Amino acid sequence: MSSQPVSVKGSGGAGGAPLRMLWPFALALAVAAFMHFVVGPNFNGTVVQVLLFAGINITLAVSLTMVNGFTGQFSIGHAGFMAVGGYVAGGLVYYLSARFFDSPQIAFHGGILSAGADYRPDPDHPLPLLSRGDLIMIGSCLAGGLVAAGAGYVVGLPTLRLRGDYLAIVTLGFGEIVRVIFQGTGPQVLFTKAQEMRDTPLHQLAWKLGGAQGFNFIPIYATLFWVFLLASITVAAALRLKYSSPGRAMISIREDEVAAQAMGVNVTRYKVRAFVLASFFAGLAGALAALSIGQMNASAYGFIKSFDFIIMIVLGGMGSISGAVLAATVLTILPEALRQFDSYRMIAYALLLIIIMILRPQGLFGIREVWELGPVRRLLARAGRGGSAA
Amino acid sequence: MSLLSITDLSISFGGLKAVSGFNLELAQGRLQGLIGPNGAGKTTCFNLLTGVYAPTSGTIRLAGRTLNGLRPHQIAAAGLARTFQNIRLFPELTVLDNVRIGCHLRTRSTMAGALLRSPFHVREERAMVERCRGLLEVLNLADRADEQARNLPYGDQRRLEIARALATQPKVLLLDEPAAGMNTQEKKELRGLIRQILRDFGLTILLIEHDMGLVMDICEFITVLDHGVTISAGTPAHVQNDPKVVEAYLGAPAGAEEVA
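Sequences listed follow chains H and U, in order. Reminder that position 21 of the first sequence reads as 21 in this note's numbering, one-by-one numbering, no gaps. Reminder that position 217 of the second sequence reads as 1217 in this note's numbering, one-by-one numbering, no gaps.
In isolation and in its complexed conformation, chain H is listed as follows (with noise of 0.2 Å):
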């Protein structure tokens, strides 16, 4: 029943292939604007907080989704992944915004899309849709999405080769490493040396990340706008590949890989795009985290934070996307909810993760949708013969 939901909406729409192929990122849109524009201003900060971290947390526990639950892979390095990301792209807004904005100290530069749930529009001085600041985040997130897949590359090509517990120590000894540079970069010009960060050459500016200090004053671009757009997009990346023919291939890999191989998949090649995929998506959720805490720490991002994401497949069914996106998002609103026990949230943290894993040790959904499943099916079937027949 696999490839029937996407190829179908697929082909339902009238306007033929540009819509088909583009109306997912129409409806990443979509998302991404109503929760920036209606549902950000109707709640509190803490609230936009979490929603934000969630977000996130959606973009990076569904691109593991695509290392781990489709190759059956076991990464633990993908918060190295999200802490390139962020390095890159929080360095680059950082010093980027020090050359092009003359102004006393670095600060936001965004348009309306970028502008913080507290923003009330000023007739005075109305903000573009999207400013030149825009322009530099953006630039520098897909920076920060590109050399994470690069680095995904170099890990991936020599050790995909592992697996099991072999790969899995790999990837954390990655994680490690990528922690351990970051602490070891020289220390963050700050904007109060105006002549200094004007002097140093860029290629040098990109050395000097803080180190174990941390990088901060990071200018505060990420929106409830552009974290759903990454996540749906990063989502709706995730459904195309597993129904279609070089998801199935990686999916195959998991399955069985001697039969793979023996029906002609390229094991290594679909192992490796999985780990680079996953990482470029990695790298832009590490990239927006930097830019909506307005801060990196390396020692934020060590393999506790990887398993943060582990936890959240394994709890949603390793290889289902929506099983992903669901426990991402209660994992990190729970924790959150539960605060008001303080002491006690997270003993009833690690209670709920036992209890499920006990009664569904598959995860939530196992590998399939939360629409594959048999229950649901059954609704929808009858959802649309009553519909039909209105």
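No lab work stands behind these hints: they were computed from the structure. Please read all numbers here as calculations on a predicted model, not as lab measurements. Possibly wrong hints are sitting among the right ones.
As the list claims (entries may be wrong) - Derived coverage of chain H by chain U (criterion: at least 3 residues anywhere in the stretch with Cβ under 8 Å from a Cβ of chain U; other residues may be distant):
no. : region
1   : 146 to 154
2   : 253 to 263
Unchecked claim - The calculated label-pair distances, taken between Cβ atoms and stated as ranges, are:
no. : chain 1 : residue 1 : chain 2 : residue 2 : range
3   : H       : 378       : U       : 1016      : 51 to 59 Å
4   : H       : 349       : U       : 1189      : 52 to 60 Å
5   : H       : 165       : U       : 1054      : 54 to 62 Å
Where a beta carbon is used, it is the ideal one built from N, C-alpha and C, also for glycine.
Use these hints to put chain U onto chain H, whose structure you have.
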């Protein structure tokens, strides 16, 4: 000129010569059998042919092209497909998806095409589904297309393996004990099925099988292995009456040991 030509194929695992000096010529459109007692090296031969193991010596040529040193997926692309003795389906996937993965190596659309749902990609995916449904029809699995592979009965799983292998559009199909675990009725149907795909797909088949009734009935030529060595080769009638074959299966006749 034979399609598949194997010359002096050998492999040793440490001191154990699992297969030594194996020769085989398989002409287009033929159906040959490979038999031998348990542990004779039949499946090892298949693993050598499909690149799972690298031979210690010898050459494998398919339609004039040397396959030695190619990786398994490249050998599949060259036109050699197989089924597995201990079924190796993609258990969690549907029957249709199993067959579609067999089609993957003949697809030409890219990852970008898949992510953007380019018109070419969409057409290719549609054609793929059509072809897979056709294959399932032939193998009598059409009404099971949406079931999970692991939920199929044993005989159906065996036939699904054949469907998946056919999806790779092979020149030569290697069947590793396709009748294992089947009942008499299923075996009878399998016999017809093998003849049918041999004819309809312009295939060439090499068959490992323990069911002598099946082998003797459908194979035109049989090679017998014992302890990695070819002990006999010829028509079913010839092989059946070869004392060496009888000895390999049943042991030496009473009194023979004293003579030797």
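These are the hints, each one checked on the structure:
Here's how the region 146 to 154 of chain H fares: 0 of its residues keep a CB closer than 8 Å to some CB of chain U, so the rule of at least three is not met and the hint is violated. Restraint check on the region 253 to 263 of chain H versus chain U: 8 residues with Cβ-Cβ distances below 8 Å, three needed, restraint holds. Residue 378 of chain H and residue 1016 of chain U have their C-beta atoms about 56 Å apart, which keeps the hinted 51 to 59 Å range intact. Roughly 56 Å separates the CB atoms of residue 349 of chain H and residue 1189 of chain U, a value that falls within the hinted 52 to 60 Å.
In this structure the supplied range 54 to 62 Å is violated for residue 165 of chain H paired with residue 1054 of chain U, their Cβ-Cβ distance being about 26 Å.
Figure legend: structure checked against the earlier numbered hints; hints not met, in rising order: 1 and 5.
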